[in-house]
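Using the sequences provided together with the hints, build the complete structure.
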Amino acid sequence: MKIINYITVITILSVGLTAWAQQTPAQKQSEILTLSGATAHIGNGTVIVNSNITFENGRITAVGGPSSPVRGKVVDISGQHIYPGIIAPVSTLGLVEIDAVRPTQDEDEIGDYLPNIRSLIAYNAESKLVESSRPNGILLAQIAPQGGTISGTSSIVQLDAWNWEDAAVKVDDGIHLHWPNSYSQGRWWMGEDRGWKPNKKYEKVITEINTYLANASAYGKTTSPNANEGFKATLGLFDGAKKLYLYADGEKEIIDGITLCKEAGIKNIVLVGGYEAYKIIDFLKQNNIPVIVDRVHATPQGDDDDYDLPYKLPKLLSDGGLMVSLNAVGQMERMNTRNLPFYAGQVVGQGLDKEEALKMITSNTAKILGIDTDYGSLETGKSATFFVSEGDALDMRTNQVTHAFIDGRAVSLETHQTELWKRYAEKYGQED
Amino acid sequence: MKKILFLFLLILSFGILQAQDYFPKNDGVKEVNNNYIALTNANLQIDPTTIVKNGTLLIRDGKIVEVGKSVSLPKNTVVIDLNGKYVYPSFIESYSGFGIEKPKRSGGGGRSPQYDATREGFYWNDHIRSETIGIDNFKYDSKEAEEMRKLGFGVVNSHLMDGIARGTGVLVALNDEGGDAARMLNNTSGQFFSFEKSLKSNQSYPSSLMGSMALLRQMYSDMDWYEKGLSATKDRSLEAMIANKKLTSFFEAGDKGNDIRADKIGDQFGVNYVIVGGGDEYESIEKIKSTNTSYIIPINFPSAYDVSDPYFAKHIALDDLRAWNQDPQNPKVLAENKVVFALTTYKLDKVSDFSKNLQKAFEYGFDKKKALESLTTIPAALLGKSSELGTLENGRWANFLITSGDIFDSKTILYENWVQGKKHVINDMDQRDLSGIYNLMAAGKNYAMVLSGEASKPKIEVSLGETKFPSKIAYENDWITFSFEDESSKETYRATAAVPKTESNITGRLILPNGNETAFTATRTGDTDVKPEDEKKESVTPEILPLTYPNVGYGFTTKPKSQNLLFQNATVWTGEDAGVLEHTDVLVKNGKIDKIGKNLNAGGATVIDATGKHLTAGIIDEHSHIAALSINEGGQNSSAEVKIEDVVNPEDIDIYRNLAGGVTSVQILHGSANPIGGRSAIIKLKWGEDADNLIYKDSPKFIKFALGENVKQSNWSSYSRFPQTRMGVEQVYVNYFNRAKEYDSKKKAGQPYRYDEELEVLAEILNGERFISCHSYVQSEINMLMKVADRFGFKVNTFTHILEGYKVADKMAEHGVGASTFSDWWSYKFEVNDAIPYNAAIMTRAGVTTAINSDDSEMSRRLNQEAAKTVKYGGMTEEQAWKMVTINPAKLLHLDSRVGSIKEGKDADLVLWSDHPMSIYAIAEKTLIEGTVYFDLETDKAKREAIQQERNKLTHMMLSEKAAGGKSREPMKKDKINFKCETIN
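So the sequence lines, in the order shown, correspond to chains A and B.
Heads up, this note's numbering is the position in the first sequence plus 70, with the first residue counted as 1.
Heads up, this note's numbering is the position in the second sequence plus 151, with the first residue counted as 1.
There could be a bad hint or two in this list.
[Unchecked claim] Derived DSS-like pairs: lysine-lysine, alpha-carbon spacing no greater than 27 Å straight-line:
| # | chain 1 | residue 1 | chain 2 | residue 2 |
| --- | --- | --- | --- | --- |
| 1 | B | K574 | A | K424 |
| 2 | B | K938 | A | K349 |
| 3 | A | K349 | B | K1104 |
| 4 | B | K1125 | A | K349 |
| 5 | A | K497 | B | K938 |
| 6 | B | K1124 | A | K382 |
| 7 | A | K267 | B | K938 |
No lab work stands behind these hints: they were computed from the structure.
See below:
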C-alpha cells in the first residue's frame, strides 16, 4: 500500500514537473459501469434519448432507453451525448511526429512496389499526436504507409496503448495502392511550365501495376514458392483476407483502377479520395465499392468547380447509395485527425442528416475496415469504445468530451497540450 | 585551302565594299552606278491614308527620290512597269532579338543560393545590365531576315533579350547586301527593360515580380544619385543608364497587369516606356487606355485545345478556353479605344504564323488601315524614324512591298520586298495566270486540259471524253512541267514547256510513255469556270463570348452595384457592447450601415427577410496570401523595399471562395523568407474590381517581419545567408534599425544621401508611421523583438502565428502588442511543438487583443469555425470568439473605425448566415462589401449553370475548329499555387 502511494506521488510529481511525459494508458475495466441519461447516437442512424448503456469486461452488455434496467456503477451523464469512438481511416498518425523534421518521418519508404512494408511496426503508440486525438473522440485509426504505387500494408490500432503490439486491433488488414494520375504537372524546377498536362507515363504505370498483380497472383498458385515477401504480402487480396485501398480521384483513374484490380482477381476494393466519384455513382454501386472521401476541408481542385464541392461530396455519394467514410488526409493530416468529427459536421451543413454523417466516421468506417463486429456502433456485444460529449460532438461549438472509453478502459483526456494550458493558466492566475 | 580562304575573304570584302565607298577596292576598279529605278503603273500606298493610283515611284541609292502620279523620269532610269500592281511601305518589327543570341542559363546551383553579385565595377545586382551594347552582340542572320521579308518586314529593332535592364538595341534593315555598315539604321535604337532576370547570373535577388519592381525603382533612384556625383565608387551600369537617358525606353511587360505595373514605375521616374504587352489588354482596356503610353502588341493568339477527350478537356479552366475565343479581338479593341500600338511577331511560336493570325484579327473586326499603321508609321514613330521609315515619301528609305492586291487580303501575293533599294523576290512577279481550257494533242489523242487555281500554283485536270486522268503540274522559273496517266493504258505522259510571254497557246516537249520525245501544243479554247464559292467565301465574324468581371469563371457579367438594403428580423451579432440582438433590423444605405433597430422603415431600400438567420460583420483575415502573384522576396535577408500592393491579383478564384466563406477583408502579408519582409496589401474582396480598387483607400501601412525556422532557412538547403540562428536574427534587426536611424537623421538634416527604399520603410517604423506584423513561434524570439522595439522606441503592432504567445502573454500585454494566431495548428515543424489550441484564450484573458487568422486559402473560407474552436479550447464566450475574426483583427489592422462590427456609420461589410455563425452547420448566404452583394447563394447557382453552358459552347466551337482542320494543342491545367508563409516562388 505504501509503495503504491509512493508511485502515485512520483507520477503526479513528474507530470507536474515536466510537461513532456505521455499519458499513461488506462487500466483494464475492473467494474461494471452504466452510463445513464445521455442522448445515445448509436452510430447506425438511430438515437436513444435518456439512454442507459452498460458495459463490462470491455464489452457493451446492454443498450436501452430510460426505463431499461441498469447494472453496476451508474454514472449520470444526463444532458450529454454519447457516441461510438471515431475511427480515422488511411491515417499516418504515429508515423510522423513533426512534419518538417526528417528524423521523425516514417510514412514513406523509397520504391514503388512495396506491399510488404508494414506500418504497424513503426507506429509510435506514444506519439503526442495520438494522445491529442482522443480528447475529440478519435479512439481508433487505420495506420497506412504512403507514397509510391503500392505503398505497403496497413494495420488498425486503438489510440491508448503502451506499444504497437498493445495497440493493434487488426494486423495487416489491407494493401494501399496509389493509382497514377492521368494528368501530371510540368517539372517546373527543370524549367518546364508549372501547368498540368496529360501524363505520358500513365499507361506505362498501369501496365506495371497489372504485371505486378499478375505475378503476385501466379506466385500464390505455386505450392513451393521461393521467398518473395512482396508477392506474399499481396496474397490476401486474392482470397479476400486483405482489402485493397485504391487511391484515385479522377473519373478515368477510378474506372481504370477498379476495372484492372477486379480483373486481377482482387476481392475487396475500397476507393480512397474519389474527388470525381460523384460522376460515376452507378459504376461504383455496380462494383460494390465503398468510398473513403479525403478531408472535406479542402479547396476545389479546379477553378471552375463548385466552391463547396469538397464539402458536399460525401453527401452526393451517400445520397447516391454508396457506403461513405471520411478521412483526414491532406496537409498536416496527423494533427488534423482530431478534426474528423467536424468534417462530418461540415457535410451536415450541406444538408446531410446528422446521424448519417456520424456513420461516416464510425460504423461505415468500421464496416469498410472490417472491424464492425467489434467497433463503430453502440450495440450490445461490441467493444465498449465510445466517448461522451457535453454537446453535439460534430460541431466545434459544442464538442466538449468528458469521458472516453476504449475497450471499456477509461482513457485519459489529458495531453501535452492540456498540461501546458493548465501550467500557464496557473501562471497567470486564469484558472476558474 | 589557302585558295578557299582567299575566296571567302574576297566574297566577304565584296559585300562590305558595296556600301562603304570610301574604302579602297582591291579586287577591281571602282565604278559608280548613279542610275534611277522607276516603278511605274503602280497603285502606291504612300501612307496608311493616301493612295496614288497608277503612279510612279522613283528611287536611287536606296532612297525614294520622288513619288506621285506624274513623275518625270531622268534619262538614266531603269523602268519597271508594274502593270497595276500594288506598292506598300514595308513593315517594321519594333521588338525582337533578331541576330542577337540569347545567353544560355548559367550553370551552378550549389549547396546554397547565390546572394551576391558576380561582377565588379557594375551595379550591385547582376540583373541590371544597362551597360550592354546590343550591336556588340549582333550578327546579321540572313536566314531569319529572309523569313521576316517573306512576311513583309523590311526593318527590325533588336536587342539582347536578357535581364531586367538590358542596355541598348539596334535598328537594322533586312538588306542582305551591303553589310552592317549599310543596314544599321540606328545602333542605339533604345534602352530595354523587363521584369525577367538575366540568365547569365544566378544571383537570387530579385526572386519575385515585386522584387523586380523594387529593383527597377532603386535603380532609377541610384542613377539620379550617381549623376549628382555622390557615389564614391565606379558603376558602369549606372553610367550607361545616364548616358542613354535620352533614348526611348522599351519595357517588355508581358500581360495586362504587368503593362500597368511597368507604366507605374515609368510614371514615378518620368520615363514614358513603350510597353511590350501580352495580347490580353482588351480585358482591362480602360486601365490600359489610362496609361496614355504606346504599346507593342504580340498576336500570338492561342490555338484551340484538343478537347476531344472529355477526361482531359475537363481540366482546362474556363478562362483558358475563353482566351482562345477572345484574345483575337485584342488589336480591334485597342484600336477602337485609340491606344497607340505597333504589332509585333514577338511571342509567336512560329514567325510564319504572323499573317494567319493577322487575318484572324481582321475576322474579329480589326481595321485594316489601323493594321497598316501599326506595322509602318507607328513603329517608325516609336523608333524615332518617321522621317526615314514607314511611308513612301521622298527621302525615305526605299523599303517597300510589291503585291498583287490589297496587302491584307489573304489571296494577295507578295511579289517583292525591296529593302534600301535592293530587290528581294518573294514570288515571281512575271508568272502568268495560265488558267483556261486547253485542247492538248498528244500521241494522236485529243485530250482536254483544264488549268485553274492560283497563278503560281496552278491545278491541272486532264481528261479524255468522260474519263479523268491523275495529273500533276508545277510552275517554276517561267517553265511548267506536267504529267498525266492514261489509266486505260497505264501509261504516263510527261511534258515540259516554257511559259509563253504573251501567247495564249502553250507549246513544248512531250515525252511519250515509250520514251520518244515529241512536240506538243495545247491550244487555249476558253476560260475556266470560276466556281462561285471560290470567288468569295462569306467571311463570318466569329461569335465572341462576352467578358466577365473578372474575366474568369464565376466573374460577373455586369459589375455589381451598391444597393440600399434592409435586413429584417435577423439575429444581429454587433461585435460591439450591444452584443447579440434578436429580431433586429439593419438598414444599409450608400454603402454604410445606416441604422440598427426594430421595425425600421425601408425607405425605398430592398427588403431582405432575415428571419431565423444571423447577420454579422464580414470576417477579416489578418494573415492571408490569396489574391497575390508572389508572396516572398527571399533573395535577401531584408526586403522592406517590396510591396504586395504591386502584385495584387484581382482574378484569383480564392477571392470568390473567401467571399463564400463570409470573408470581406484580408491583409495579404509578405511571406516569412526573411527577418524583414515586404509591405502588406490590405484589401477588400471586391470580386470583379481591378487591383487598385481592391486595396483599401488610405490604407494603414504594414510590413511583415519574421522570426524562427523560416528566416534561418532551417528546413531547406541554404547555408550561406545570414542569419542561420535566432541570435543572428536579433542582429539583423539591430543593424537595420541603426542604419535606418542614421539614414533618417541624415535625411532630416538636409544632407545629401542615397535614397534607399528599404531604409525609408524602416524609418517609417521608427517614426510610428508603419506597423509590424511579425511571424513568430517560440517565446524567446517573441520576447527578443519586443526588446529590440523598446530599444528603438517603437511598439510591435502584431505578432502573427504567435503560437507560444501564451508563454509570454503577460509581457505581450505589457508591450501592448496584439496577437493573430491559428486556432489549433501545431506539429508541422519543430518550433510549433509546444503550440496549443488554448493559446488564443490564454492571451485574451491576459489582455492581449487576439485574432484568429488563416495563412491558408482553405482555412480562410471557414474562419467562423476556427473562431468557434476558442470556445471549445479554453472556454471563450461565443461573443469573445466571434470578435477574434471580426473586430479584433480590425483593431490589429487599425481599421476598427471602418469595419469589423455592426455599428451605425461603419462600412456595410456584412454576412447573412443560414445558422449560428460559429456553428459548423452555418452557410454564408450573402456577403456584402460596402452595400454591394459580392456573393449570393442564388447567384452562385446561376453562375455554376452559366459556367457549364459556356464550357460546353466553347468545347463545341473548338471541336468544330479541329474538325475543319484547325490546329489544336494539348489540354492544359494551370498550376494554382496555394500560397503560405513559406511558399518560395
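Quick rundown of the hints versus the structure:
no., hint, verdict
1, B:K574 <-> A:K424, "violated (83 Å)"
2, B:K938 <-> A:K349, "violated (58 Å)"
3, A:K349 <-> B:K1104, "holds (21 Å)"
4, B:K1125 <-> A:K349, "holds (23 Å)"
5, A:K497 <-> B:K938, "holds (22 Å)"
6, B:K1124 <-> A:K382, "holds (24 Å)"
7, A:K267 <-> B:K938, "violated (52 Å)"
Checked against the numbered hints listed earlier, the structure breaks hints 1, 2 and 7; every other hint is satisfied.
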